Amino acid sequence: MHIKYESFVREPLVNGDKNYHQVTEDIIGPIERKPGRMWYVGFFFSVALLCFGIFSVTWAVYWGLGTWGVNRTIGWGWDITNFVWWVGIGHAGTLISAILLLFRQGWRTGVNRAAEAMTIFAVMCAGQFPIFHMGRVWDGFFVLPYPNTRGPLWPNFNSPLLWDVFAISTYFTVSLLFWYSGLIPDFATVRDRAKTKFRKLAYGVASFGWTGSAKNWQRHEALALVLAGLATPLVLSVHTIVSFDFATSVIPGWHTTIFPPYFVAGAIFSGFAMVNTLLVITRKILHLEDYITIGHLEAMNKVIVLTGSIVGVAYLTELFIAWYSGAYGEQQEFKWRIMGPYWWSYWAMMTCNVVSPQLFWVKRLRRNIPFTFIMSIVVNIGMWFERFVIIVTSLYRDWLPSSWAYYSPTWPEVGFYLGTFGLFFTCYFLFAKYFPVIAVAEIKFVLKTSGENYKRGMEKLEAQSEEDFVYEVQTHHEPDHAHA
Amino acid sequence: MAIKKFAVACYDDEEVLFPALKKVRHSGYKLHDIYTPFAVHGLDEAMGLKGTDLHIAGFIFGLCGTSTALGFISWILTSDWPLNFGGKPHFALPAWIPITFELTVLFSAVGMVLTWCYLNQVMPGVKKHVFHPRQSDDYFVMAVELNDQTSEHEVVDFLKTTGAKETSVQIAEDSWWYGRFDKEEEYQKL
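If you read the protein sequences in the order shown, they are chains A and B.
The numbering of the first sequence is this note's numbering, which starts it at 547 and goes up by one.
The numbering of the second sequence is this note's numbering, which starts it at 1152 and goes up by one.
In case anyone wonders, no lab produced these hints; they're calculated from the structure.
Being a predicted model, the structure only gives us computed values, none of them experimental.
Watch out, some of these pointers could steer you wrong.
[To be verified] Distance condition first, Cα-Cα at most 20 Å in a straight line; then the derived SDA-like pairs of lysine to any residue:
| # | chain 1 | residue 1 | chain 2 | residue 2 |
| --- | --- | --- | --- | --- |
| 1 | A | K746 | B | T1266 |
| 2 | A | K761 | B | T1266 |
| 3 | A | K743 | B | E1337 |
| 4 | B | K1334 | A | L708 |
| 5 | B | K1278 | A | G841 |
| 6 | A | K761 | B | K1239 |
| 7 | A | K761 | B | H1183 |
| 8 | A | K741 | B | E1336 |
| 9 | B | K1334 | A | R745 |
| 10 | A | K743 | B | P1284 |
| 11 | A | K761 | B | R1176 |
| 12 | A | K746 | B | K1201 |
| 13 | A | K741 | B | P1284 |
| 14 | B | K1278 | A | I730 |
| 15 | B | K1201 | A | A768 |
| 16 | B | K1278 | A | A768 |
| 17 | B | K1239 | A | L708 |
| 18 | A | K746 | B | G1276 |
| 19 | B | K1278 | B | K1334 |
| 20 | A | K761 | B | K1181 |
| 21 | A | K761 | B | E1336 |
Could you build all of it, start to finish, from the sequences and the hints given here?
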């Protein structure tokens, strides 16, 4: 019973005159229609990129990692940069679906499905880099603790690199479960509406035979809440552990305690930017402007300006501490970051991550869609440079001046990176075509409190005196289920 | 698992459903289940359902994860193959916290989802009777179980007075079976 009362002052989450059926039509409709020309163009372009990526990786595996530009001084190049970048992007989805669920943020319902999908695809892309960075990728299973004939010799559980294996694979699994358990009721909706035999069969299997029984919904809610509670520390732990890969070493520029919060903020920053990139396009192409409103984009832009500022403070803190520590190596390290041969990457990072998001303090710009789109890409370029700066410009001038080196990527490295874009967008295009891109059941749940047409009735209520309102509530709603 | 006869009432608004549910429960008819397109808060209590203990399962699975990680790592690094890292203690608990945490979360999440599937009896390949195709769209569908003593006309007429948009009498399996949603089952008349 929707006795929960929400003022009209708060922006509606669903625009237009909607009822439950219209919500289903709007969101499930695109699955049942043939995709437009843009979809085919985008999809085949992504598949082509993916194929190029597979070719580049095959090349590197066949000839060995000597085909990459990494050298003895700079052992981590584009591969680990891209790994950290993709993992960071993969933080927004679970943050939106888990942390915002715990904080009871209603606006998450419009964006959580697509954001979680994006998370899963981004983590899939991220995972490729450390795997192929192993070189002898066919021995990749050595990272797993299994009884083997070498002793058994176990992996080193005290190593952050092994923690990463556990963190990333747990994060992927839990995100996938969270995402899919939410999808089951929506697949049932697609199944029950299906006209074609194949769709009935496929979505019947995908929906696990869900019928929407009251008891099942009760357990579904309990599951979502506990998974959110589990995923909240998990999402913070993943990038914390990624930052440990650097922070537990003794390299100047890496060996700092600021890394975990700094990395997590950066991850949320880039993740929300990627969500904006995707949703600005998705809402336009699938005509979902009523569900992913400007208010939703604005909310994410607010998160971007917050986390962007945190990242900015972290950069300045690093500089201050480098100077304040009095450690010569640390000071030189940061001097070379700013003015060394890689000065351009440092300044690209500073401009894109620290300066440009500050424009989002202006409300008009936060609510401007083309500006949001451009900024979302600028932020992700900046975040890529951040990882490049941290990794390459900490390594290229190490303790021994005779081994100072310069690094630039070769085509298989660039191809590998492009290939992960191919993988990411191939998955996303398939998702946008075959999956409900917005959580239908969750939108229906908030519709009567946050839908525009239902909120209109609230204006009348707001004009009432308190006594009249209380009287109306008591007489019109049954008290024994009024707690909803 | 049995084939039964149901009187089915479809409501198009949860605000009609709640008073109707109250009337049905007062009338003494046997309520089978209510199917809704989304989680209607308060419906479980209005139906008289008990709360779920799923989170307890999650907690137990989590404990399993914690003890698996701690037990396994401490056995490996202190007894099976102790390694000397610069003279540091073999039992290096702080270094094991990340993996212990991850395995706790992993076991808890995976175990809870599997428990959820088991309790809800959902799995790929499982089929259940759908009383109305709009129960996952915009209908709130209440199924009342009929037996030899109840007259189906009486129940249907009663359900109509509670504000149902559509009513019907259906013979269906009340539980799940292995099946495909593109094939309809035929039931013999009871």
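Here is how each hint holds up against the structure:
no.: 1; hint: K746/A with T1266/B; result: violated (26 Å)
no.: 2; hint: K761/A with T1266/B; result: holds (14 Å)
no.: 3; hint: K743/A with E1337/B; result: holds (18 Å)
no.: 4; hint: K1334/B with L708/A; result: violated (48 Å)
no.: 5; hint: K1278/B with G841/A; result: violated (40 Å)
no.: 6; hint: K761/A with K1239/B; result: violated (53 Å)
no.: 7; hint: K761/A with H1183/B; result: holds (11 Å)
no.: 8; hint: K741/A with E1336/B; result: holds (17 Å)
no.: 9; hint: K1334/B with R745/A; result: holds (12 Å)
no.: 10; hint: K743/A with P1284/B; result: holds (15 Å)
no.: 11; hint: K761/A with R1176/B; result: holds (17 Å)
no.: 12; hint: K746/A with K1201/B; result: violated (33 Å)
no.: 13; hint: K741/A with P1284/B; result: holds (11 Å)
no.: 14; hint: K1278/B with I730/A; result: holds (13 Å)
no.: 15; hint: K1201/B with A768/A; result: holds (13 Å)
no.: 16; hint: K1278/B with A768/A; result: violated (23 Å)
no.: 17; hint: K1239/B with L708/A; result: holds (19 Å)
no.: 18; hint: K746/A with G1276/B; result: holds (12 Å)
no.: 19; hint: K1278/B with K1334/B; result: holds (10 Å)
no.: 20; hint: K761/A with K1181/B; result: holds (16 Å)
no.: 21; hint: K761/A with E1336/B; result: violated (24 Å)
When held up to the earlier numbered hints, the structure conflicts with 1, 4, 5, 6, 12, 16, 21 and fits the remainder.
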